[in-house]
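Undergrad: Chains as they are written, first to last, in the numbering used here: chain A, 1 to 236; chain B, 1 to 236.
It should be emphasised that the hints constitute simulated quantities derived from the structure, not laboratory data. In this text, all values refer to a predicted model and were calculated from it rather than measured experimentally. One should not assume that every hint holds.
Claimed, not checked - Beyond 10 angstroms from chain A on every Cβ pair, some chain B residues (computed):
1. Lys3
2. Ser36
3. Arg111
4. Ala127
5. Asp129
6. Lys181
7. Asp199
Unchecked claim - Per the computed footprint, the stretches of chain B lying under chain A, defined by three or more beta-carbons under 8 angstroms from a beta-carbon of chain A, are:
8. 85-91
9. 114-125
10. 185-198
11. 227-234
Claimed, not checked - The calculated SDA-like cross-link candidates involving lysine to any residue, where the alpha carbons are at most 20 angstroms apart (straight line), are:
12. B:Lys172 - B:Gly120
13. A:Lys174 - A:Ile209
14. A:Lys32 - A:Asn90
15. B:Lys134 - A:Ser214
16. B:Lys134 - A:Asp217
17. A:Lys236 - B:Ser214
18. A:Lys172 - A:Lys215
19. B:Lys134 - A:Ser101
20. A:Lys215 - B:Ile209
21. A:Lys181 - A:Ser214
22. A:Lys181 - A:Lys215
23. B:Lys215 - A:Thr233
24. B:Lys181 - A:Pro178
25. B:Lys215 - A:Glu155
26. A:Lys236 - B:Thr31
27. A:Lys236 - B:Ile209
28. A:Lys3 - A:Lys92
29. B:Lys83 - B:Tyr4
30. B:Lys26 - A:Lys83
31. B:Lys236 - A:Val180
32. A:Lys236 - B:Pro211
33. B:Lys236 - A:Ile234
34. B:Lys236 - A:Leu177
35. B:Lys215 - A:Val180
36. A:Lys134 - B:Lys50
37. A:Lys92 - B:Lys215
38. A:Lys215 - B:Asp117
39. A:Lys215 - B:Pro147
40. A:Lys32 - A:Thr16
Even for Gly, the Cβ is constructed at its ideal location relative to N, Cα and C.
Number of protein chains: 2
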Amino acid sequence: MQKYDKREKISYTLGTTLTFELLLRKPECATKIYISPKQKRDETYEKLVKLARSNNVKVIENNEKIFGLADKENVMVIGEFNKFSCELPNEKSHVVLNNPSNMGNLGTIVRASAAFDIGGIAIIRPAADIFDPKTIRSTMGAIFSTPFKYYNSYEDYAKEFPTHNAYPFMLKAKTTLPEVKFQEPCTLVFGNEATGLPDDFLNIGTPVIIPQSSKVDSLNLDNAVSIALYTYTINK
Amino acid sequence: MQKYDKREKISYTLGTTLTFELLLRKPECATKIYISPKQKRDETYEKLVKLARSNNVKVIENNEKIFGLADKENVMVIGEFNKFSCELPNEKSHVVLNNPSNMGNLGTIVRASAAFDIGGIAIIRPAADIFDPKTIRSTMGAIFSTPFKYYNSYEDYAKEFPTHNAYPFMLKAKTTLPEVKFQEPCTLVFGNEATGLPDDFLNIGTPVIIPQSSKVDSLNLDNAVSIALYTYTINK
Numbered sequence: 001m002q003k004y005d006k007r008e009k010i011s012y013t014l015g016t017t018l019t020f021e022l023l024l025r026k027p028e029c030a031t032k033i034y035i036s037p038k039q040k041r042d043e044t045y046e047k048l049v050k051l052a053r054s055n056n057v058k059v060i061e062n063n064e065k066i067f068g069l070a071d072k073e074n075v076m077v078i079g080e081f082n083k084f085s086c087e088l089p090n091e092k093s094h095v096v097l098n099n100p101s102n103m104g105n106l107g108t109i110v111r112a113s114a115a116f117d118i119g120g121i122a123i124i125r126p127a128a129d130i131f132d133p134k135t136i137r138s139t140m141g142a143i144f145s146t147p148f149k150y151y152n153s154y155e156d157y158a159k160e161f162p163t164h165n166a167y168p169f170m171l172k173a174k175t176t177l178p179e180v181k182f183q184e185p186c187t188l189v190f191g192n193e194a195t196g197l198p199d200d201f202l203n204i205g206t207p208v209i210i211p212q213s214s215k216v217d218s219l220n221l222d223n224a225v226s227i228a229l230y231t232y233t234i235n236k
Numbered sequence: 001m002q003k004y005d006k007r008e009k010i011s012y013t014l015g016t017t018l019t020f021e022l023l024l025r026k027p028e029c030a031t032k033i034y035i036s037p038k039q040k041r042d043e044t045y046e047k048l049v050k051l052a053r054s055n056n057v058k059v060i061e062n063n064e065k066i067f068g069l070a071d072k073e074n075v076m077v078i079g080e081f082n083k084f085s086c087e088l089p090n091e092k093s094h095v096v097l098n099n100p101s102n103m104g105n106l107g108t109i110v111r112a113s114a115a116f117d118i119g120g121i122a123i124i125r126p127a128a129d130i131f132d133p134k135t136i137r138s139t140m141g142a143i144f145s146t147p148f149k150y151y152n153s154y155e156d157y158a159k160e161f162p163t164h165n166a167y168p169f170m171l172k173a174k175t176t177l178p179e180v181k182f183q184e185p186c187t188l189v190f191g192n193e194a195t196g197l198p199d200d201f202l203n204i205g206t207p208v209i210i211p212q213s214s215k216v217d218s219l220n221l222d223n224a225v226s227i228a229l230y231t232y233t234i235n236k
């Protein structure tokens, strides 16, 4: 077992909580769990091993080598799983991330999307890797409960969901977020961290701006998404 | 010049944009700027040098050694400044962060607080270091426009601002965020990333919960703060 490789078909959950989420929500994808010799043989250990075995997931103990994956973290448990694909539900609202580049942001947005029970996330390439263990960690396990799908272009996504109403979030938009009357099902669209959405999106659906002071250029991407998801959720 | 040391009285802005923010918003604290030999002698360079000189800030060129500070980043410009202290304005609303531990979160919250023009941020120790260059980077320069002050306890903060109305954000709160009628001036209080606020805060002011699904344990701290600040701002 080596370091995570984006091109391979497997990835890893680093840590006990994430590995529990994997076994509880996507047991069919889990292949092995590794337990460090430093992990106490306590109640958590017993639960983990029982859950793994009941799902026919191999438990590998005391294999020090693999914990190199976890870098400096104090990781006692690692899960190994087959990468999976999801379909986005047609009847529910979606988030579209156009070229997100930061794994921490991507993971946090998956977490916020789960918190607001969004139907799923479309990720337009080029984009950060949702299966990188760093992204998985920042989802706090929400990667296993929120559908996501990669697309090569926004057009590919839009063709698949022609009845969704698009709300591109852009600093050049005229409509402010408090004014929006969301029409279901919605697609909330967000651009890259550094560059935002291209101007073309001004001609798509209802472009929206989150009102903000001139003291900053913009909000952090995951903050903008969270504010939008919260506002959508309480107004729908 | 060495690596950043928390105990020292100076810190650094890593990068051109942050260094401009320093020179524009806190020129009285800036002491030196370092310019890498790799920095093109272009219009940005001319502006930077002119701005520094007009503020009596020493410009040091071609000193390769100091760029070790910047780790792997492609940093061409570094600003050096004296750490400063701020007072929080009494008439405006505040954010209180109780024991924030993550520098990225702290920086992003400073950025969001500037975006929503909050009066200032009280940071209750133990807490992440706002002057660490990593925190400064994640503020995107907002550290130079948003007042902040460290306190040893929430009580110390509350004694200084007895007429502020506290809204502690807690998963155990009964009042949901959409129900809150904010009474000015407000103090929006948030706990540590892993542990939230202690139960004592249930007896302070109006505890508030951001409604969220059971799919996640909680929102990321900076996401929760952003949602609260946005909601406060549009309803005040």
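Undergrad: Run every hint past the structure and note whether it holds.
TA: Checked hints:
1. Lys3: 18 angstroms, holds
2. Ser36: Given that every Cβ of chain A is farther than 10 angstroms from that of Ser36 of chain B, nearest at about 21 angstroms, it holds.
3. Arg111: 6 angstroms, violated
4. Ala127: 20 angstroms, holds
5. Asp129: Holds: least Cβ distance 19 angstroms, greater than 10 angstroms.
6. Lys181: 15 angstroms, holds
7. Asp199: 22 angstroms, holds
8. 85-91: violated (count 0)
9. 114-125: Answer holds; 4 residues pass the 8 angstroms Cβ test.
10. 185-198: With 0 residues closer than 8 angstroms to chain A, the segment 185-198 of chain B misses the three-residue bar; violated.
11. 227-234: holds (count 5)
12. B:Lys172 - B:Gly120: 26 angstroms, violated
13. A:Lys174 - A:Ile209: 7 angstroms, holds
14. A:Lys32 - A:Asn90: It is violated: about 33 angstroms lies between the C-alpha atoms, which goes past 20 angstroms.
15. B:Lys134 - A:Ser214: 23 angstroms, violated
16. B:Lys134 - A:Asp217: 19 angstroms, holds
17. A:Lys236 - B:Ser214: Holds, at about 19 angstroms.
18. A:Lys172 - A:Lys215: OK: Lys172 of chain A and Lys215 of chain A at ~17 angstroms, within 20 angstroms.
19. B:Lys134 - A:Ser101: 19 angstroms, holds
20. A:Lys215 - B:Ile209: 28 angstroms, violated
21. A:Lys181 - A:Ser214: The hint is violated at about 26 angstroms.
22. A:Lys181 - A:Lys215: Measuring from Cα to Cα gives roughly 28 angstroms; hence the hint is violated.
23. B:Lys215 - A:Thr233: Since the Cα atoms of Lys215 of chain B and Thr233 of chain A sit roughly 15 angstroms apart, the hinted pair holds (cutoff 20 angstroms).
24. B:Lys181 - A:Pro178: It holds: about 17 angstroms lies between the C-alpha atoms, which stays within 20 angstroms.
25. B:Lys215 - A:Glu155: 30 angstroms, violated
26. A:Lys236 - B:Thr31: 52 angstroms, violated
27. A:Lys236 - B:Ile209: 19 angstroms, holds
28. A:Lys3 - A:Lys92: 36 angstroms, violated
29. B:Lys83 - B:Tyr4: 12 angstroms, holds
30. B:Lys26 - A:Lys83: 49 angstroms, violated
31. B:Lys236 - A:Val180: 19 angstroms, holds
32. A:Lys236 - B:Pro211: OK: Lys236 of chain A and Pro211 of chain B at ~14 angstroms, within 20 angstroms.
33. B:Lys236 - A:Ile234: 18 angstroms, holds
34. B:Lys236 - A:Leu177: 16 angstroms, holds
35. B:Lys215 - A:Val180: Not satisfied, since the Cα-Cα distance of roughly 27 angstroms exceeds 20 angstroms.
36. A:Lys134 - B:Lys50: 42 angstroms, violated
37. A:Lys92 - B:Lys215: 16 angstroms, holds
38. A:Lys215 - B:Asp117: Satisfied, since the Cα-Cα distance of roughly 8 angstroms is no more than 20 angstroms.
39. A:Lys215 - B:Pro147: 13 angstroms, holds
40. A:Lys32 - A:Thr16: Between Lys32 of chain A and Thr16 of chain A the Cα gap is close to 13 angstroms, so the pair holds against 20 angstroms.
In the structure shown, a violation is registered for the earlier hints numbered 3, 8, 10, 12, 14, 15, 20, 21, 22, 25, 26, 28, 30, 35, 36, in ascending order.
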